[in-house]
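> Residue numbers (UniProt numbering), protein chains in the order written: chain U, 1 to 346; chain Z, 1 to 346; chain D, 1 to 346; chain P, 1 to 346.
Zero decoy hints are in this set.
Same chains, same label: a pair holds when it works inside one copy or across any pair of copies.
Here are the simulated PhoX-like pairs of lysine-lysine, each with C-alpha atoms no more than 25 Å apart in a straight line:
| # | residue 1 | residue 2 |
| --- | --- | --- |
| 1 | K142 | K2 |
| 2 | K271 | K42 |
| 3 | K93 | K126 |
| 4 | K251 | K228 |
| 5 | K205 | K42 |
| 6 | K205 | K106 |
| 7 | K91 | K142 |
| 8 | K87 | K106 |
| 9 | K93 | K125 |
| 10 | K57 | K91 |
| 11 | K251 | K205 |
| 12 | K57 | K271 |
| 13 | K125 | K91 |
| 14 | K228 | K167 |
These aren't lab readings, by the way, just hints derived from the structure by calculation.
There are 4 protein chains.
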Amino acid sequence: MKPIQVGIVGATGYAGVELIRILLNHPGVELAGLCSVSFEGKTIDQVYPAFHEIIDKTLVNEDEVIDASDVIFTGVPHGVCEAFAAKALAKGKKVIDLGADFRLDKEEDFQQWYGLPYRHPELHKKSVYCIPELHRDLVPGKEIIGNPGCYPTSIALGLAPLLKSGKADAQSIIIDSKSGVTGSGRGLSQTSHYPECNEAFSPYKVAAHRHTPEIEQTLSQLAGEELKVTFVPHLLPVNRGIVSTIYVGLKESLSAQDLRQMYQDYYQTEKFVRVLPLGEVANLRNVKYSNYCDISLHVDSRTNRAIVVSTIDNMVKGAAGQAVQNMNLLFGLPEDTGLGMIPPSF
Amino acid sequence: MKPIQVGIVGATGYAGVELIRILLNHPGVELAGLCSVSFEGKTIDQVYPAFHEIIDKTLVNEDEVIDASDVIFTGVPHGVCEAFAAKALAKGKKVIDLGADFRLDKEEDFQQWYGLPYRHPELHKKSVYCIPELHRDLVPGKEIIGNPGCYPTSIALGLAPLLKSGKADAQSIIIDSKSGVTGSGRGLSQTSHYPECNEAFSPYKVAAHRHTPEIEQTLSQLAGEELKVTFVPHLLPVNRGIVSTIYVGLKESLSAQDLRQMYQDYYQTEKFVRVLPLGEVANLRNVKYSNYCDISLHVDSRTNRAIVVSTIDNMVKGAAGQAVQNMNLLFGLPEDTGLGMIPPSF
Amino acid sequence: MKPIQVGIVGATGYAGVELIRILLNHPGVELAGLCSVSFEGKTIDQVYPAFHEIIDKTLVNEDEVIDASDVIFTGVPHGVCEAFAAKALAKGKKVIDLGADFRLDKEEDFQQWYGLPYRHPELHKKSVYCIPELHRDLVPGKEIIGNPGCYPTSIALGLAPLLKSGKADAQSIIIDSKSGVTGSGRGLSQTSHYPECNEAFSPYKVAAHRHTPEIEQTLSQLAGEELKVTFVPHLLPVNRGIVSTIYVGLKESLSAQDLRQMYQDYYQTEKFVRVLPLGEVANLRNVKYSNYCDISLHVDSRTNRAIVVSTIDNMVKGAAGQAVQNMNLLFGLPEDTGLGMIPPSF
Amino acid sequence: MKPIQVGIVGATGYAGVELIRILLNHPGVELAGLCSVSFEGKTIDQVYPAFHEIIDKTLVNEDEVIDASDVIFTGVPHGVCEAFAAKALAKGKKVIDLGADFRLDKEEDFQQWYGLPYRHPELHKKSVYCIPELHRDLVPGKEIIGNPGCYPTSIALGLAPLLKSGKADAQSIIIDSKSGVTGSGRGLSQTSHYPECNEAFSPYKVAAHRHTPEIEQTLSQLAGEELKVTFVPHLLPVNRGIVSTIYVGLKESLSAQDLRQMYQDYYQTEKFVRVLPLGEVANLRNVKYSNYCDISLHVDSRTNRAIVVSTIDNMVKGAAGQAVQNMNLLFGLPEDTGLGMIPPSF
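With the rest of the complex left out, here is chain U (with noise of 0.2 Å):
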C-alpha cells in the first residue's frame, strides 16, 4: 500500500517534535512536509539535534505541506487551525487538529473560553472530536479531527463507565490534574524557567482552565446530563505525565470490587488503557513515552465517594499519540499500528 503521506504544521512545537519521533517509526506513512513559522529554511535536526542523522528535512510553509500531504496534523495556537483547514480541504486533504479549534461542539463555548469567533462555521460539519476509546464510531465521513486536550483525554477515560453505570453524582466531581512541564510548550516563560519550576509545585488556573468546557462536554454525553465540574490543574516537576486524581460522589454504595469490575468490563477490549489491579495505584511512570492511559480505582467507603487515578503521557496520549491513533481510524489502519512504544521503567 502506497504509505500515507503525512504533513505537520507546528513542526517545532513539542507535540509536532513528538508526532515526528512517532510517525518516523510508523509503517504506513512517509513524512512529506514539516511546517515551522519560526524556524523556516533551517532543518528540523537543526532545530532539534536529537534527529541528528535520523531525519533531516528543511522546514517548509504551510502551503508546501498542504501540497505534499495527504493529512495534516495542526499543532498552533487556537484560532490558526480553521483558517488552514479551510485552505486543507479545499485541496481535497484531511486535518488533524492538535489544538482547541475543533474541540467544542458549541460555539458559545468557543467563545466564551477562547475569545473568538467560528470563522468557518462549516468546517465544524466535517469535524468530530475524538477520543477514539469513546467516539470512533463518529469518524467515518469527517474530514477534521479535533483530537482531544491532555487533561481532557485522562479525566474522560476516567470517568467514563462510572458516569455511563449511572451510580455516580454527576453533579459531584472534583477534579484534582497535575502535569508535566512539556504540557506548556517550547515558549519560555518564568513559571518554566528551571530555578524557579524545579522544587516547586503549585496549582494554576484554579477553576479557570480552557479545557473546562471540553470535559463537561464530554462528561455531560457519558452522565446523559448537563453537569458542571471543578477542575484545577497543577504544574508538576517532571517532563512529562499527567496525573487526574478525581473524586466522585456515589448514588449508592459500591465496592471497590464492584467498581473495578465495571471499568474491567467496559475497557475489556481496549488495548490502551489499562485497568490497574486493586492495591496498586496509577503512576505516570508507567505510561511515560508510551500510549496507553492506567487507571486505578478506590472507594473511600467513609464517605461514599468514588476515587480514580488516571495517568496519561501528556505528550503520547494527550497529544501526539492519540492523533496518531486518530489518523489511523482516519484511514482505515489498525488503530494500534505504529503506537507499539512500550513504557521504559525509569
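Use these hints to put chains Z, D and P onto chain U, whose structure you have.
Just chains Z, D and P, lined up with the frame of chain U:
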C-alpha cells in the same frame, strides 16, 4: 537567662536533623544531648557531613539525653514515645513528640489507625495537641506536646477560618495533598529510590492515610460538628514541601474577595501564616526552608465551591519548625524565637 | 525465519528490564524465559507494572531459562555469570554477559579489581569483549560476549579515532564522567535515596572505579601502547545517561575542524555514532532512550589539548541496547535490528 | 553601632535576591535601597512572593539607592558597574560588584574576554579583587571590591594550598566544573527551559568561558608563575551548587594523607573552608544554602595526579555570601557576621 537544655531522640532521622539545624541558630537553647539508636557512638557530623565543623556531638542513648535535658524532642516510630515520655516526666522533664503518640484525643482512634492501645493513659491528660495558631491557649500547664503531623498542619491552617465562619458545608471536604519525599523519612524504600521516584508521580494510601483521624479531629472542633473528609496524599518528586488543595462546598455564595478578607481577619496577627493577595496561587517554593504557611483562596462560582491552597515546608512548619514554635510556647519565649529563616526563592 | 529464543537471567534488574523493553519490539526474537532470584514465581508485570497487559511471563529459575533459550543475557553480580555460562555452553547455548566476568583479557586484572580468580579459564577463550563499532570482527566463532561497561563504552567510542591517529599523548588522558542514577541499579542505598540524591552531586570512587582496567585495556589497544588513565565518575541527578568529558594532550597542534573530520571519517558508516557539527556540544538529552552515542569535539588551543565529549544512554548503548546489538552480530542479523528507538527531545 | 546602610542595584536578579535573604538576617545592616531597572515601582515581594510580609520595599532607581546607602552591591551586566561605581564613589559611597568589572588586573584581559575597554581606569586603583581567604589583607584602603566569580572561587580555594606548596605541575591543571542552573540567572533561555534542562546534562562554552582569565590570574599568583588552565563548565540539573573536579599533575609523589594535611594546615583558621576527612568526597548537598566551601583530596597514585574536589553554593560562597563576607571585611565587622546559615542536609 540560662539557656534551655534541649535533647533530641531520633536525632539522625530527618526531623531530628532539621531540629538540629534550627536549634543551632536558636538564641535561647543549648543542644544538650542527641540520641540515635542506629548510630550510637558516632558523631552527628559523621552521619550528616553537612554538620562538619559546626557540631560534632556524639550520639548517646536516651537515658543520657533525658538526664542532660530540660525538654526532649522525640522523632521516633509511633508507640515508642509514650514509654519514653513516662521516663522523662518522672524525671521532671518535658517532651515534644513529633510522632503520633500524643496527637489523637480518643484512644479508640489511635487503636483503629495505629493498631496500639495507650499504655500510659495518665500521660494523655498531661499532654496537648498543638498547632500554635489554633491551640496555643491550651498549652499552659502541660508537660507533653503532641506536635502535629505535616499534612494536618497544612490542612487545619487552610480551613480554620472557613470552618469557623459556618459558611462551609462541613461534610463536603475533599483534600488532595502532595508531599515532598523527605516526608517519608530517611528509611530506604523502592518508592523513594531515585530512579523510581524521579520523573514519577502518584497518590498513595488513597483515602487510608493515618493522618485522617488527626485531620478530622481538628476540623470537627473548628466546624463544631463531627465531620469526615476524603483525604488523598500524593508523593511529589521534590525534596521538601506540601501543597494541600482543598475543596469545600459553600452553603451560600461567597466572593473570592470576601473569602480572602475572612482569612486576612482571622490570621492578621499570625506571623507564620501568610494569606496571599487574590490572583496569586500558593507555591511550595515560596515557603521552603522556612516556618511559613502560605494560603491562597479561590472560589469556583460555577459550582459554588471554595478552593483553598495551603502550602508549608513539611520539615519546618510541618515538623521541626513547628516543634520549636511549640517549645517556645512551652517555655514562655516569643513564639518566633529561632524561626527567622527566610524562604529562598530558589 | 524461526525467531531466536532469548532468555534473561537477572530479568528484574534494571538492565534486564531494559532488555525486555527492547526485545519486545525486536522482530527476530521471542522472549523464552526470564529468571529472577528475588522474584521467582511472580510475573514480570507484578514487579514492573509498566509491563501490565504487555508481558506477564512468570519468573523462573536459571535452568529453565537455559533450556528454553538459544541465547541468554545475564545481568548478575560479577563472579556469577562464569559458572552460569559453563552450564549454558554445556547445553549448546550462547551467553551475552552484561556484567564484568568476560570483559578483561588478563585474569590478573580481574583478580586485582574484582577480588576473584577465573574459575573456568577455558571459557575465556570462547568469549570476546565487544563494542561492535570497534571489535565486531572478533565475534565470529565465539560463544560468549562480554558486553562492555557503560563508562568504557562512552570513553572508548569517544577516543578511538584520536588514539588510532597517533596524534594524542596517550599518557595524558583524564576522564571526567557523569552517570545517571540507574547506573547503580535497582538496589537501595543511601546515595540513591531520593532526598539525598536529588539536588546533590558528587564524584565517587575517585580514581578507583572498577571500570578503570576495562577502559585502559581498550584504549591501550587503540593507542598501540600501554597507557594509564585518570578516571573519575560522578553521580548525576538524572535517571539515565552518561556524559564523559575527556581531556587529551595533543602531540602537535590540531584544529577543531581537522579533529572533527578525523572522527567523521572514522565513524562515517556507523549508524549509532553521531559526530556532531562543530559548535554543538553533546548533551545526554539527545541520546536518552536510544542506542546512539553522540560525540562533540573541541580543542583548547591555549593549552593544546583536545576535549572530547561523549554521551550515551547508560541503559541502552551502555547496557541493554549494545547487548542486543551484540546479539544481532552473534546471530548474523543486521546490527541495528530492533534498535530503531528515536531519542525523544524531552 | 549605627547599622550600615546597604543598597542593592540589580535587586531582582538572582544574586540580588540572595543578598536580600542574607542581609535581612545580618545584625549590622539595614536595607536602605533596592534598585531594579525591570521592576521599578513594584515592591520586591510582588516580584518574589517568598518575601511576602517579610520585606515590601519599593524598587527604585540607582540614584536613590546611592543616596540612601553607605555601600552598594551591584549585580549587573559587565560594563555597567564601572559607570555606576564612578557615580557612587563621587558621593563617598563604597561598592561591591558581583559582576566582572573589577575582577581582572589587566585591562587587556577584560578587553579580550568581555570586549570592552576600561572607561574609568582610575577606579581600578581603588578596587581590589577579593576572595577573603586569599586576599583579605589587600582590602584596607580600598573603596570597591570586585567580588569573585562562582567558578573561580571554588577553584582558587581548591588549589591554593597545593599551588603554594610548589609540589604541583602548574601547567598541568585541568578543571571540570559543574554548576546548578541559578548560575545562569533569572533571564529566560532555551537551555534553562525546564523540559530541556531537566534530565539533561552537557558542558557549555568548552574551554571558552569568561571566568578563565580570572581563574588563571589567581592561580598564577598562587603558583608564582604564569599558567594556563583547561576549564570546562557544565550545566547541572540542580538549582544550586558548584562542584569543581580539578586534576593536577604532581612534581613528586605525595600521599593522600600528606596532601590532606597540607590543606588542613593551610585552612585551619578559616571558618568557611572545610577540608573533609580522607575517604569522604565533597558533595554540593552539604554546602547548599550556606557559605561553606567543602574540599576533598584524592591522589591517583597510578598516574601521579592529585584530584581536588571543591564545592560551594554558587549563590552564597559563589556570589551573595562572599559579597557579604567582603562587606564585613570592608567595614571591619567579624568576617562571618550574618553568615551563620547551616547547610540543610536535604
